[in-house]
Amino acid sequence: MAAYILRRMVSTIAVMAMVGVFVFLLLRLAPGDPAAMIAGRLATAEMIAGIREKMGLNDPMPVQFIRWVRDMLGGDFGTSIFAGRPVLELISQRLEPTLSLSILTMILSVMVGVSFGILASWRTGGLVDRFLAAFSALGYSVPVFVIGYFLIYFFAIRTHWLPVQGYAPIDGGLGPWFVHLILPTVALGIGYIAFIARVTRASMLEVLSEDYMRTAAAKGASSYAILFHHALRNAGVPILTVIGISFAYLIGGVVLTETVFNIPGIGRLVVDAINNRDYPIIQSVLILTSGLYVLINLTVDLAYTLIDPRIRY
Amino acid sequence: MIITRREIIKAGLAAGTAMSIPSVLRAQTAPTAARTVRMVMGDLSVFDPVVTTASVTFNHCLAIYDTLFGADSKFMPQPQMVSKWNVSDDKKTYTFELRDGLGWHDGSPVTAADCVASIRRWGQVAPGGQLLMARARDISKKDDKTFTIALQEPLGILLDLLGFQGPFIMREKDANLSPTEQVTANIGSGPFKFNQALAKPGASFTYDRSDKYVPRNEPADGLAGGKVAKVDRVIWENIGNQQTALAALQAGEIDFVGTPPVDLFPVIESDPNLELQVLDKTGQDMFLRINCLQKPFDNVKARQALLHLVDQEAIMRAAFGDPKYFRSVTSMFGNETPASNDENTGWHKTGGDPEKARQLFKEAGYAGEKVVILDPTDWREADNASQILVAALQKIGINAELAPSDWGGLVARRANKGPVEDGGWSLFMSSEAEWIRGNVVTAVTLSMNGEKGWFGWPQNDEYETLRVKWADVETLEERKALARKMQRIWWDYVPEVLLGQYVTPIARRQTLTDLISMPELIPIWNMQKA
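Protein chains in written order, with UniProt numbering: chain H, 1 to 313; chain E, 1 to 530.
One or more hints might be untrue.
[What the hints assert, rightly or not] Short, incomplete list of chain E residues facing chain H, as computed with Cβ under 10 Å:
1) 47
2) 179
3) 181
4) 197
5) 240
6) 244
7) 295
8) 299
9) 300
10) 411
11) 418
12) 420
13) 424
14) 444
[Said to hold, decoys possible] Calculated pairs, EDC-like style, for lysine to aspartate or glutamate (alpha carbon to alpha carbon, straight line, at most 20 Å):
15) E:417 to H:96
16) E:370 to E:342
17) E:74 to E:174
18) H:54 to E:181
19) E:84 to E:269
20) E:145 to E:97
21) E:145 to E:172
22) E:417 to H:46
23) E:480 to E:462
24) E:200 to H:33
25) E:145 to E:181
26) E:212 to E:232
27) E:395 to E:353
28) E:84 to E:218
29) E:212 to E:100
30) E:142 to E:181
31) E:200 to H:53
32) E:92 to E:138
33) H:54 to H:33
34) E:452 to H:53
35) E:480 to E:492
36) H:54 to E:422
37) E:452 to H:171
38) E:200 to H:210
39) E:324 to E:401
40) E:480 to E:464
No wet-lab data here; the hints were simulated from the structure. From a predicted model like this one, the values you see are computed outputs, not experimental measurements. The beta carbon of each residue, even a glycine, is placed where N, CA and C say it ideally should be.
Using the sequences plus the hints, can you model the full thing?
Set out below in structure tokens:
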């Protein structure tokens, strides 16, 4: 097991190195100039040139790359070109909203999605199953911003029950924090609920059709025991896999939801940085996100051993 | 150990109290909602007005810094930090004395040395400042409250330069930074203090009323007069999505949206709690910039063809929809500045004149060269207008195409002076506040100094000679006469084509009143919330 984890960690470093090179080149080769963005629409070429020189953007690309890697290895992820503040400080400010939204969405999606899937597989073709089919079609096909504005209209503008937008930090009290996250969590969660429910249903149906399930039923095991003790345990690996993948996607995919609900998270930080060509922020976020993605996958792989004792590394 | 039910309840209450302490403390120190205004002003990411020309930065600076002079609603410079001033008989030495009670938000007094350093830093970058520095013999303090500007020769528009686009006065140690190094201290002497503790870059910035600020006694008038902060706190929310901003305005979570989207105007107009209001009455002049260095527009006939081709009405309608908010413009100085005039504007024709344009392209020897229009897809109005333009060009047989990109891509590409085959460009659209066009000295787009000038690089020495004279004339009549001469050359040469003048209303809740009406800028003093 230890050797396996070590091997995976080494491969993580290799993946992140490749991401680093790719991101650096992509940003430098893409059209756009941070100096021109800072200087504004009516700036003169002279003003822009002065800013470029000051920021070191006139240095050859290999020099810029080596400087970036050297600083990063020393724990310095650079300074935002626009905000003039350390990138890690900006990222840490934005981490809480994104993690809050992601974790709440995952909790909602797993609880509702797995329950839905189990119920649908238990009574295939029944009311719950047909509702799930319709809900899944809706969850997959309606974009998150449509759901978002629909929720805003009814629950914020019409009824004033919930806020339209914004984020309340958790240190300001659990109540405001939770209230601000209800609508975004529901909007973002619907697609994931549909996904997890479909996979749970399919995995459960596959297991429920096995001979040993019939044997358990013949021995007089209750529906509860069949579903939760026998079927869910054996259907757990694919469900855990999609939960892991969903969470990893969620971390990088909250951009639209953060934009619609004006949540100052990592997603909006990156979108603003891309618009402004704020290279240090984009590079750092992508590196950290790719590292997180790899770590989540590793955690899921290790969790398999807890669910299925036959799996060993 | 046995835990009783009573102990669990006690522990729960204690935990709840502990968790709510931060919000209780915040509630005790924060102003009430009725004394707090929440505004959507744009993404403030650069805080230094010398580093950028972005208007959101200037709005930030208006809130926290003060200026020596302020332009009133008629664009006339009025003393602001200055209590009195005089000029020597030879008009070469100006002496300024600061008024009493000026202090920095860190508690130290404002001195003449701060003013001198701020003027010098501004003078290295801003067009008006560069003009002043080119004419200045010496700028120095006489004592803590007095400083002088000594000139090599008279500069008739000195007070105008200091008044509208002049320097924001910073502490000497901030103003001593290089103009390419951002000032991030955000310590000013203006009517509002920047609340550094509540700053959330990319999300929101908070401004608190400065209790120590001493406003002038005159009533507020444009950027002049008494800057009285009538609310305790102003929070600038950065809501990137306009639909969300409008929803928040409707729900009462915010009080003001700076640039509501045109297609949502009917929604705002139908809501009894909201109002659209045009604060910037002179608005923006939208123009088409032409690359004068490359074919086909290195030929004056081809540029004149564009002048005759453009149908301002069609372009403005595509860009802004409701004719209530736009009109045509023919003077290079805009419709409503003192220099506006009708000299050499016979080219204007409702609907444009495509046949004349086709003829002029033919006379220019146009041989199918590719015309590339830079199309900023994230600026909806210019994107729509670009579609109209490319169709009009193609209709008269011009090999025109759009080069779509975001604004960031456009500003990088427009610096390329090469041919379109090497990543260059032929045309792009931009806009400029009309009041800027009233002064050719500070409007960089109104120069014709070749490759040293603004993108497009037109060159005409006769025009430049007249432009230099602009700074010297003293009477309005002289300036108007000069403006006519310059406009004659301008429309013969055609360095740009005007596309129309538009105004953009702000959206606010009815409870927010007494906003100051100024072009492009949004001061946050004087406004009140019911």
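Here's how the hints hold up against the structure:
no.	hint	verdict
1	47	holds (8 Å)
2	179	holds (7 Å)
3	181	holds (7 Å)
4	197	violated (13 Å)
5	240	holds (6 Å)
6	244	holds (5 Å)
7	295	violated (22 Å)
8	299	violated (24 Å)
9	300	violated (23 Å)
10	411	holds (4 Å)
11	418	violated (14 Å)
12	420	violated (15 Å)
13	424	violated (13 Å)
14	444	holds (5 Å)
15	E:417 to H:96	violated (46 Å)
16	E:370 to E:342	violated (33 Å)
17	E:74 to E:174	violated (32 Å)
18	H:54 to E:181	holds (7 Å)
19	E:84 to E:269	violated (46 Å)
20	E:145 to E:97	holds (6 Å)
21	E:145 to E:172	holds (14 Å)
22	E:417 to H:46	holds (14 Å)
23	E:480 to E:462	holds (17 Å)
24	E:200 to H:33	violated (25 Å)
25	E:145 to E:181	violated (28 Å)
26	E:212 to E:232	holds (13 Å)
27	E:395 to E:353	holds (12 Å)
28	E:84 to E:218	holds (15 Å)
29	E:212 to E:100	holds (12 Å)
30	E:142 to E:181	violated (28 Å)
31	E:200 to H:53	violated (28 Å)
32	E:92 to E:138	holds (11 Å)
33	H:54 to H:33	holds (14 Å)
34	E:452 to H:53	holds (18 Å)
35	E:480 to E:492	holds (19 Å)
36	H:54 to E:422	violated (27 Å)
37	E:452 to H:171	violated (54 Å)
38	E:200 to H:210	violated (56 Å)
39	E:324 to E:401	violated (31 Å)
40	E:480 to E:464	holds (16 Å)
Hint check: violations occur at hints 4, 7, 8, 9, 11, 12, 13, 15, 16, 17, 19, 24, 25, 30, 31, 36, 37, 38, 39; the rest are consistent with the structure.
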